[in-house]
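Position chain Z relative to chain L; hints supplied.
First to last, the sequence lines map onto chains L and Z.
Counting in my numbering, the first sequence runs without a single skipped number right up to 410 at its last residue.
Counting in my numbering, the second sequence runs without a single skipped number right up to 410 at its last residue.
A portion of the hints provided could be inaccurate.
Copies of the same chain look alike in the list, so a pair counts if it fits in one copy or across any two.
To be verified - List time: in silico SDA-like cross-link candidates among lysine to any residue, alpha-carbon distance up to 20 Å: (1) Lys-250 to Asp-176; (2) Lys-305 to Ser-392; (3) Lys-184 to Ala-346; (4) Lys-359 to Glu-205; (5) Lys-184 to Ser-392; (6) Lys-305 to Glu-367; (7) Lys-305 to Asp-275; (8) Lys-184 to Pro-228; (9) Lys-359 to Ala-387.
Just so you know, the hints here were simulated from the structure itself, not pulled from any lab data.
There are 2 protein chains.
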Amino acid sequence: MDLIPVKDADDPRLAPYVSIRERDLTGRADGRFIVEGKVTLAILAERSRFKVESVFIGESRVEPLQGVLSQLPKGAPVYVAPQPVMDAVAGFPIHRGVLACAHKGAPLTLDQFAGCETLLVLNDISNHDNVGAAFRNAAAFGAGGVLLDEKSCDPLYRKSIRVSAGSALWLPFHHGGTGETHIRFLQAAGFDVWAMTPAAGAQAVASVPVSGKTAILLGAEGPGLPQSLIDQCRPVRIPMATGFDSVNVATAGAIALSRLFASR
Amino acid sequence: MDLIPVKDADDPRLAPYVSIRERDLTGRADGRFIVEGKVTLAILAERSRFKVESVFIGESRVEPLQGVLSQLPKGAPVYVAPQPVMDAVAGFPIHRGVLACAHKGAPLTLDQFAGCETLLVLNDISNHDNVGAAFRNAAAFGAGGVLLDEKSCDPLYRKSIRVSAGSALWLPFHHGGTGETHIRFLQAAGFDVWAMTPAAGAQAVASVPVSGKTAILLGAEGPGLPQSLIDQCRPVRIPMATGFDSVNVATAGAIALSRLFASR
Chain L
147 MDLIPVKDAD
157 DPRLAPYVSI
167 RERDLTGRAD
177 GRFIVEGKVT
187 LAILAERSRF
197 KVESVFIGES
207 RVEPLQGVLS
217 QLPKGAPVYV
227 APQPVMDAVA
237 GFPIHRGVLA
247 CAHKGAPLTL
257 DQFAGCETLL
267 VLNDISNHDN
277 VGAAFRNAAA
287 FGAGGVLLDE
297 KSCDPLYRKS
307 IRVSAGSALW
317 LPFHHGGTGE
327 THIRFLQAAG
337 FDVWAMTPAA
347 GAQAVASVPV
357 SGKTAILLGA
367 EGPGLPQSLI
377 DQCRPVRIPM
387 ATGFDSVNVA
397 TAGAIALSRL
407 FASR
Chain Z
147 MDLIPVKDAD
157 DPRLAPYVSI
167 RERDLTGRAD
177 GRFIVEGKVT
187 LAILAERSRF
197 KVESVFIGES
207 RVEPLQGVLS
217 QLPKGAPVYV
227 APQPVMDAVA
237 GFPIHRGVLA
247 CAHKGAPLTL
257 DQFAGCETLL
267 VLNDISNHDN
277 VGAAFRNAAA
287 FGAGGVLLDE
297 KSCDPLYRKS
307 IRVSAGSALW
317 LPFHHGGTGE
327 THIRFLQAAG
337 FDVWAMTPAA
347 GAQAVASVPV
357 SGKTAILLGA
367 EGPGLPQSLI
377 DQCRPVRIPM
387 ATGFDSVNVA
397 TAGAIALSRL
407 FASR
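This is chain L alone, in the form it adopts within the complex (with noise of 0.2 Å):
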């Protein structure tokens, strides 16, 4: 373990971690990301698939962190520092004192999930704690990975991490394409994909039948998934009260998901 005292806000070691929320905000362009709190620091460093590249903690935290920061890869720096310059640098107050920079490295392509047994495929996602939320969801029920379409937000956006219980850090996912494209693969591999709708015409998600490679695919809040994407799958709707149809878009996932885990 490598800890490195810092004690000027303005250290150009601590520059991946100036200004956070302008930065998230914006976008990274150089592939890294940020990840805050301790339970998340320790997926991180235990389970995660992606490389650490820096730590950056309060003085107050060394103690409390020691197992955490022990099980970090061998080279990593640790910045400590008081409280107050952790504030100046990320540009506001960063309570849980604890923040890690890792980099996403080379994107996993499609081919890489034509082995799962169960996919989630988000399309048109933009909600951080939707996502998020979709990934917890994800990995509670066992599947091999997640798709993202294009316009769907990054699952390791800082918040999205947090809500997705640090799973966005080592559940493998594609973030990239259309629904049409991510649809196409998924046929050809061989998915029986579900296309989640409330249209009366849509097959009660309790009794399709399970065989074989399943895509649960999820559209938007309100909008839901275009018709010209339903038209292409096998349309699957979760039963509910008659003027109130309505769940989030993460819960109704959670649903098709945790069928297709209890039929398995």
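Only chain Z this time, still in chain L's reference frame:
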């Protein structure tokens, strides 16, 4: 419709809208609560079980809200102010420009829930998003109401209402008492009470026989339900992947509720 122009942030008629966030935190002893946004106002006007005391909107909102405002009960004043006045009263920017004040009225008693077929019961759920999401799921799967113990948070907090998709305004609930008193009431009224728990010995949710009245009992994320409560009920689990057996508490409720709804 009774439009009343207001120019002065100190106007005493706007007293219920002063410093909304601070009063959300400390709670309101007068039985009033605040709702925000057009969609929620529409539900408050058309479907709510609560008395609307007044509405407070920005000047630019009068035109687009015509339809909703015409649904309000006779005699409910609609205060209209320039946006800066509205922001000054509330203490933060009210981007949506739509607030309303309603009164909780007399609380429902436990006995009023004895005839429901399905109930959702929340124990120690102190996160407003989770309470709101639990209501949304209860509504989607046709539960007759929600019971919340005294340690759970207020479903009529602004954010809970919004996350509930407005269902907290019309789905009957009882807030008070303890898990013990709830279980005693439910069992006396003939409910089968499912205590949701990840414990290995619990019955898998898909295999529980459904007959007659059923209540689904959820505990806090993290610790879950106390063992003393589980021991008094039918322990039910949602099968999940080894090594990551965790879904959000409201999501767990949705899975159990959807199974129940599909069986009826």
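A quick look at each hint next to the structure:
1. Lys-250 to Asp-176: within (9 Å within a copy, 52 Å between copies)
2. Lys-305 to Ser-392: Answer is between: at 18 Å across copies they meet the 20 Å cutoff, but 24 Å inside does not.
3. Lys-184 to Ala-346: Answer is neither: 45 Å inside a copy and 28 Å across each miss the 20 Å cutoff.
4. Lys-359 to Glu-205: Classified as neither; 49 Å inside a copy, 55 Å across copies.
5. Lys-184 to Ser-392: between (35 Å within a copy, 18 Å between copies)
6. Lys-305 to Glu-367: Both, since 19 Å and 18 Å are each at most 20 Å.
7. Lys-305 to Asp-275: both (7 Å within a copy, 15 Å between copies)
8. Lys-184 to Pro-228: Within one copy, since 17 Å is at most 20 Å while 45 Å is not.
9. Lys-359 to Ala-387: between (30 Å within a copy, 17 Å between copies)
Checked against the numbered hints above, the structure breaks hints 3, 4 and satisfies the rest.
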